[in-house]
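Engineer: Read off the chains here:
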Amino acid sequence: MNGALKVELGRRYRFSASHRLHTSHLSEEENSRVFGKCSNPYGHGHNYVVEVCVSGDVDPATGMIANLADLDVFVQRQVLDEFDHKSLNEDVPGFRNRVPTTENVCIEIFQRLKSFPKAKLERIRVEETGKNSFEYAGDDLEGNRP
Amino acid sequence: MVLITRKIEFSASHLYHNPSFSAEENRRIFGKCNNPHGHGHNYTLEVTVAGEPDPVTGMVLDLKELKEILEREVMQRMDHRHLNYEVPELAGQIPTCENIAQVIWRLLDPNITRGRLHHVRLYESPDLFADCFRNGAGSAGKQ
Numbered sequence: 001m002n003g004a005l006k007v008e009l010g011r012r013y014r015f016s017a018s019h020r021l022h023t024s025h026l027s028e029e030e031n032s033r034v035f036g037k038c039s040n041p042y043g044h045g046h047n048y049v050v051e052v053c054v055s056g057d058v059d060p061a062t063g064m065i066a067n068l069a070d071l072d073v074f075v076q077r078q079v080l081d082e083f084d085h086k087s088l089n090e091d092v093p094g095f096r097n098r099v100p101t102t103e104n105v106c107i108e109i110f111q112r113l114k115s116f117p118k119a120k121l122e123r124i125r126v127e128e129t130g131k132n133s134f135e136y137a138g139d140d141l142e143g144n145r146p
Numbered sequence: 147m148v149l150i151t152r153k154i155e156f157s158a159s160h161l162y163h164n165p166s167f168s169a170e171e172n173r174r175i176f177g178k179c180n181n182p183h184g185h186g187h188n189y190t191l192e193v194t195v196a197g198e199p200d201p202v203t204g205m206v207l208d209l210k211e212l213k214e215i216l217e218r219e220v221m222q223r224m225d226h227r228h229l230n231y232e233v234p235e236l237a238g239q240i241p242t243c244e245n246i247a248q249v250i251w252r253l254l255d256p257n258i259t260r261g262r263l264h265h266v267r268l269y270e271s272p273d274l275f276a277d278c279f280r281n282g283a284g285s286a287g288k289q
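The listed protein sequences correspond, in order, to chains A and B.
Note that our numbering gives residue 37 to position 37 of the first sequence, counting from 1, and the numbers run on in steps of one.
Note that our numbering gives residue 218 to position 72 of the second sequence, counting from 1, and the numbers run on in steps of one.
I should point out that these hints are in silico values taken from the structure, not numbers from a laboratory.
Any given hint could be a false lead.
[Stated by the list, open to error] Okay, derived cross-link-like pairs now, DSS-like style, lysine-lysine, Cα gap no bigger than 27 Å in a straight line:
#, chain 1, residue 1, chain 2, residue 2
1, B, K153, A, K131
2, B, K153, A, K6
3, A, K86, A, K131
4, A, K118, B, K153
5, A, K120, B, K213
6, B, K213, A, K118
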């Protein structure tokens, strides 16, 4: 149906959360030096944008790779319900022992969404602010980002 | 290799309806997109062409030429049209972002003779888009 074309579907979601960049592996002084104001002990917040890209065959009956309603429900349950208006450090188990940098947020979200049953998860892109963004496409370097 | 991207916007109406589904199935699968009177979007299209800059002109292809191709192949066909009824290339297909992006790819690809069509991204809204590229090509360099 797709001939020689590959098609991906991208959807953007938003959540707001606080975090603090700090690791017990470094001294207080080193934390301050490495993470700067992001290490402020009370944390701070961002309005995050998450871009989810999935691929698959376009169903000729629906014209869709995956029904958006299914993707929305899955992302809501797997990510937004647990990230939105939360402290990433305190409320998300994956960040108990991992610094919640946006690099790690990408990886965490990828892990949470890769079991989406209706299409193949290609990539997660997270904007921490309008000025910086991060992408993760899984660890398979031979895979979807040669 | 250098990638160059041109962006255009067009506005069109559409609806999702598969006549082989029952009315109830159409509503369940397509939700409010199944409204029989249709609805519309401002679409944004990003077209990326890959190639080596010409040593004389410094260009992969003349953006003016790309602009003319986009005007002829996309704008004149789709801007201020009803995608279900007025775009023959979409006849018999549900005009989802995925399908429109593929139609646009097939309209553009034979017309791009300098450089090579690398990537088409069609936004139906700022939060929903489809990407189309040659199977086997990676998505590296899409952003």
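Engineer: Now look at each hint and say whether the structure bears it out.
Structural biologist: Comparing the hints with the structure gives:
no., hint, verdict
1, B/K153 <-> A/K131, "holds, 21 Å"
2, B/K153 <-> A/K6, "holds, 20 Å"
3, A/K86 <-> A/K131, "holds, 22 Å"
4, A/K118 <-> B/K153, "violated, 30 Å"
5, A/K120 <-> B/K213, "violated, 34 Å"
6, B/K213 <-> A/K118, "violated, 37 Å"
Consistency with the previously given hints fails for numbers 4, 5, 6, ordered from lowest to highest.
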